[in-house]
Amino acid sequence: MKNSPRSPFVRGGLGEFKQIGNYIMSVIDVKNLNKTYKTHRKESGLKGSFKGLFWREAVYKEAVKSVSFSLEEGELVGFLGPNGAGKTTLLKMLSGILYPTSGEVSVLGYTPWERNRDYQRQFAIVMGQKNQLWWDLPPSESFLLNRDIYGVDHTIFQRAIDEMVSLLDLKDLLDIPVRQLSLGQRMKCELVASLLHQPRVLFLDEPTIGLDVISQEKIRSFIKEYNRLKKTTVLLTSHYMQDVEALCKRVLVINHGGIVYDGALSALSERYVDHKVIKIRFDSPQAPAPPDTLSGVVEWDTAHAVLKVPKKEVARTTHQLLSDFSIDDLSVEEVEIEEIIRHIFAEQPDGAGKRIEE
Amino acid sequence: MKNTFTRYFTLYRSFLSHNLKNEMMYRANFAINVGMDIFFMLVNVFFFKILYGNIDTVGGWTFYQTLILVGSVGVIRELAYLTFRKGFLELGEYVRTGNFDVMLTSPVATSAHLAFRHVSLTDSFGEGLMGLVLVGYGFAHLDAATWISIPFYLLMLFNSLAIYYGFCLLVNGLVFWLVKSQELNTVVYYFMNTARYPREIYHGLGKGLFTFLIPSSLIATTPAAILVGRADSGLVLLSLGVAAGFLTLGLLFWNWSIHFYSSASS
Numbered sequence: 001m002k003n004s005p006r007s008p009f010v011r012g013g014l015g016e017f018k019q020i021g022n023y024i025m026s027v028i029d030v031k032n033l034n035k036t037y038k039t040h041r042k043e044s045g046l047k048g049s050f051k052g053l054f055w056r057e058a059v060y061k062e063a064v065k066s067v068s069f070s071l072e073e074g075e076l077v078g079f080l081g082p083n084g085a086g087k088t089t090l091l092k093m094l095s096g097i098l099y100p101t102s103g104e105v106s107v108l109g110y111t112p113w114e115r116n117r118d119y120q121r122q123f124a125i126v127m128g129q130k131n132q133l134w135w136d137l138p139p140s141e142s143f144l145l146n147r148d149i150y151g152v153d154h155t156i157f158q159r160a161i162d163e164m165v166s167l168l169d170l171k172d173l174l175d176i177p178v179r180q181l182s183l184g185q186r187m188k189c190e191l192v193a194s195l196l197h198q199p200r201v202l203f204l205d206e207p208t209i210g211l212d213v214i215s216q217e218k219i220r221s222f223i224k225e226y227n228r229l230k231k232t233t234v235l236l237t238s239h240y241m242q243d244v245e246a247l248c249k250r251v252l253v254i255n256h257g258g259i260v261y262d263g264a265l266s267a268l269s270e271r272y273v274d275h276k277v278i279k280i281r282f283d284s285p286q287a288p289a290p291p292d293t294l295s296g297v298v299e300w301d302t303a304h305a306v307l308k309v310p311k312k313e314v315a316r317t318t319h320q321l322l323s324d325f326s327i328d329d330l331s332v333e334e335v336e337i338e339e340i341i342r343h344i345f346a347e348q349p350d351g352a353g354k355r356i357e358e
Numbered sequence: 001m002k003n004t005f006t007r008y009f010t011l012y013r014s015f016l017s018h019n020l021k022n023e024m025m026y027r028a029n030f031a032i033n034v035g036m037d038i039f040f041m042l043v044n045v046f047f048f049k050i051l052y053g054n055i056d057t058v059g060g061w062t063f064y065q066t067l068i069l070v071g072s073v074g075v076i077r078e079l080a081y082l083t084f085r086k087g088f089l090e091l092g093e094y095v096r097t098g099n100f101d102v103m104l105t106s107p108v109a110t111s112a113h114l115a116f117r118h119v120s121l122t123d124s125f126g127e128g129l130m131g132l133v134l135v136g137y138g139f140a141h142l143d144a145a146t147w148i149s150i151p152f153y154l155l156m157l158f159n160s161l162a163i164y165y166g167f168c169l170l171v172n173g174l175v176f177w178l179v180k181s182q183e184l185n186t187v188v189y190y191f192m193n194t195a196r197y198p199r200e201i202y203h204g205l206g207k208g209l210f211t212f213l214i215p216s217s218l219i220a221t222t223p224a225a226i227l228v229g230r231a232d233s234g235l236v237l238l239s240l241g242v243a244a245g246f247l248t249l250g251l252l253f254w255n256w257s258i259h260f261y262s263s264a265s266s
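Chains as they are written, first to last, in the numbering used here: chain A, 1 to 358; chain B, 1 to 266.
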């Protein structure tokens, strides 16, 4: 029942936190957080492996570099960054799975890696690529086990289940072995299993990865609804722009372990993305080169074309295309998140791992 | 303290019931396991039968007393599978795949969560059953059997289980550096294999080694000695002390070594 001395909060009854003085109610507070991994380089081939038995080169990789930010109660914030940027490492430190190299973190007043049981009862982490459900048993069994692990009261448990099952439309799936469920159905069940103890803080690592559009949409709307109903603070990482656009007002962009942007999502896309992508499939074969009157052509052949058009020009260009060509299919798409991120990262200095010999 | 105990007991029951449901999905595996276990237990008995055809006692233990000793190893193995052993066998897999993460984030001590994660009734069921039969058969043929020794026998079985658990924690804590746990569990396997020899066969340095470093000479000998009426208070106190020591050191080392877990990237 200890609180971190740095915490501006004291613990009140029933797990609630009282506010002291004029502190803003921040739920997550990260200050100057660093994490350096030590790995070993191995030369390729059998000879290299043999050499590695006696002498190894140590490589230090700074996965997270002086990261600071804070989240207020009930915020739903998106974490953007390419693979290997340090998003997952950060979430793992906030969950107490990994110890940082240096820095301070306070979540709900606790230091995560002290793994205080009271903290563990108040947060959850869901990783899209990991499975905590029992493979051969129906999901309802895994829910029961989590009820006992988190010591959730039976009536509260039943209410939470009923609520989430109707939100996610899971009624008919509860008694089917997990291995027979689709990826999307499994992810929904993962979410239910992780939320049974009604966490106040939720970390979601790629919750929609590999899912079809309908399942993505369902999970997205569930997260949004859940956040609205329960005022749960959510920190989410995703590769899908739609996830972040649909859910988060605020984003944190991370690259090479450091935060390069912290602010409104709208400002991010306005600042970095000023165009959309138009894709066309022609009804009949066209000339192998685009006409000079058309600007922004990225790809062009006799059957397809892709255009990159400033947002303000989208309506005009679409109109022009439809009147000038016989078109079978036309779509207007947002620039992919990876591209915005690439754009942002192009401005950032590179921070590759330093090598130190052992 | 009492609350903690009740909580972990409830948790154990919950994990056990889930694992039993899981195991029932694979009935053929169960039958094969039981068959194999009984076969190897019988091989053991024949070995001792041949041995005792030539001599009367080994380290002062008669044939029927030795049956109790060997049977006790089977019973302890089964009890271990029912409470913690399987989790340690799978630890390397959990660490390699990053599934160990869940054990670090849920509000249960990792040492207990790992133990309970895969408690198995069937994995060593044949051995346990056969062990029980051997203990019963040996007990029925003892010259000086007393019923009063049975509860003390059971008590010391659980003490041996504590030694075994502490030993597993100490050895398996190394997994966070090695990532693979197969070799570690080979060590534990040989440790349990030497438990079927009576403690009396060791002398001098060997005795110290198999008491304080690899406490296998106490695991089966102490409970069996109680049942056959050849235990003295010194042996019992030594076993209790070693159990307390291994459990304490095991938990300390385990909780410290967790710091070196570097979760698998996703």
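Hint data in this document are derived by calculation from the structure and do not stem from the laboratory. Just so you know, even glycine gets a beta-carbon here, dropped at the ideal spot from N, CA and C. Hints should not be assumed to be uniformly reliable.
[To be verified] Among the chain B residues that face chain A by a calculated CB cut under 10 Å, a handful are:
1) A28
2) V108
3) S257
4) H259
Verification of the hints:
no. : hint : verdict
1   : A28  : violated (14 Å)
2   : V108 : holds (6 Å)
3   : S257 : violated (12 Å)
4   : H259 : holds (6 Å)
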